[in-house]
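Peer 1: Sequence:
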Amino acid sequence: MVGFETFLEPSSAERKTGMAYDVPEGVDIRGKYDAEFAKILTRDALQFVADLQREFRNHIKYALECRKEAKMRYNNGGLPGFDPATKYIREEEWVCAAVRPAVADRRVEITGPVERKMIINALNSGAKVFMADFEDALSPSWENLMCGQVNLRDAVNRTISFHDKVRNRVYKLNNQTAKLFVRPRGWHLPESHIFIDGEPATGCLVDFGLYFFHNCMAFRQNQGEGFGPFFYLPKMEHSREAKIWNNVFERAEKLVGIEKGSIRATVLIETLPAVFQMDEILYELRDHSVGLNCGRWDYIFSYVKTFQAHPDRLLPDRVLVGMTQHFMRSYSDLLIRTCHRRGVHAMGGMAAQIPIRNDPVANEAALELVRKDKLREVIAGHDGTWAAHPGLIPAIMEVFTNNMGNKSNQIDTLKREDAANLTEEDLLQRPRGTRTMEGLRLNTRVGIQYLAAWLTGTGSVPLYNLMEDAATAEISRVQNWQWLKYEVELDGDGLGLRVTPCLFGRVVEEEMARIEREVGKEKFKKGIYREACKIFTRQCTTPILDDFLTLDAYNHIVIHHPNGSSSRL
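For the sequence shown, position 522 matches number 522 in full-length UniProt numbering, and the numbering has no gaps at all.
There may be inaccurate statements among the hints.
What the hints assert, rightly or not - The following label-pair restraints were derived from C-beta to C-beta distances:
(1) ALA38 with ASN247: 27 to 33 Å
(2) ALA70 with ARG158: 41 to 47 Å
(3) ARG506 with MET323: 29 to 35 Å
(4) GLU531 with GLU368: 34 to 40 Å
(5) ARG54 with VAL319: 45 to 51 Å
(6) ARG169 with ARG90: 49 to 55 Å
No wet-lab data here; the hints were simulated from the structure. Think of the CB as a built atom: it goes at the ideal place given N, C-alpha and C, for glycine as much as any other residue.
Just need the whole structure built from these sequences, with the hints factored in.
Peer 2: Written as structure tokens, this is what we have:
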């Protein structure tokens, strides 16, 4: 496995031709040179990214320091809650900028990584929106990130195609496609292949900056009906982070000379602290907002992380932490009420199921669970929802259309004023349910297999008929850590066992043997399951919980190539 400090010598071809990226002063590219990538990493585009980095890096560092201070408060027994200092924002009557016609109807959205075939299939899927993901569904290797930028450029220009040599089939865009949203990485993730003034660039500014610079005008013409581009913004914990994004958007709009408010973004409410900041987040982004989304898997992960020092707030098996739990339902209801009060979309959560092609009975049972979940969402007032697989779209579309009719959304018709009475206690209520050995085993099996795929370049992984991404792997990791830290009793299967390091070690050994049986000896041998097991086990047993699985694992996929860039003054 190649680590963070690994440097690869340039190939003989690179040395002979002197190939290098042409970069502005203060920018150093340490990723491998590729002629196609060079069309993305132009001097002007890199200057734009560098300008964003220099203007906002201190604001970003301050926001991340504030996260650490909040974490310290929670670890010392504090609880997140509504901020008295911003009560006036929550109580005053104001609305966000009017929803643009291009994104008024978002009843079904599909998500996936910025891979070429995925982009084509998702845009052709029949969904209203495709969220192309640089974040949880993507392993952020240099090749994945830069190929993703190339793929999005081709998609926006409608020149994208893909030749599947195995099936001997060429994939192209249909005339009618979904609207494209792009999700950059969160504030906390660096881009360690690009250094600006001697330090790694901020990953989300690289993702946003390169995409916006190359695609802004073409997107407005081909997709946005004169507006856009459109984005999803992840992992925020406070409105100060939304304010940084708003300033980034205004800076970008000014640079290319487009109207203020052209860029539109939906914020994922996927951290527990952020649920108490929804009005404030929308307020900071009010000229650029097009709603909030229930990022429910990350939200569960955040609940554990926020209360890592609170032994009275232990989660049951992750399969029991659904939207029927009071704290989850309260979060969804308050999000709907907040969004509709402010005139924007309230988007529902992910349906992670994937079709079970070899078992029609099991497939229909899984689809019925999806229908029930989506019926709950649309009746509650959500304006749209997420699907992980194209095969779910017809069933979800039918549920939403049957309940919404010809309306593009429910912003004006379902205000949910009843949710105005929800309290901090509702949003923090302890989840109910039991803990079992099978829950511990499933967490371990999923976590190791996901990490093995992520380390080899795949960030969206089908496991046990669900599409797993970093969010569901994070739940597995932090729940194991929580159970181990407090040596919880597995009270749901009558065994009365406690989760000790000894028990966990045995479970890891047995689940590794099961993984080998399930994937086959050849694939197991070729894969890096043992390396993934070491990383996952260490993160589950470390005395201090790592903030993010991917932040630690990222060090294992960064490869530096010397002489990747040259600066001409």
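Peer 1: Are the hints correct? Go through all of them and say.
Peer 2: Results of checking the hints against the structure:
1. ALA38 with ASN247: 27 to 33 Å: holds (30 Å)
2. ALA70 with ARG158: 41 to 47 Å: holds (44 Å)
3. ARG506 with MET323: 29 to 35 Å: Distance hint for ARG506, MET323 holds at roughly 34 Å.
4. GLU531 with GLU368: 34 to 40 Å: 39 Å Cβ-Cβ, so the 34 to 40 Å window holds.
5. ARG54 with VAL319: 45 to 51 Å: Holds: the Cβ-Cβ distance is about 46 Å, inside 45 to 51 Å.
6. ARG169 with ARG90: 49 to 55 Å: Holds: the Cβ-Cβ distance is about 53 Å, inside 49 to 55 Å.
Violated hints: none; the structure is consistent with every hint.
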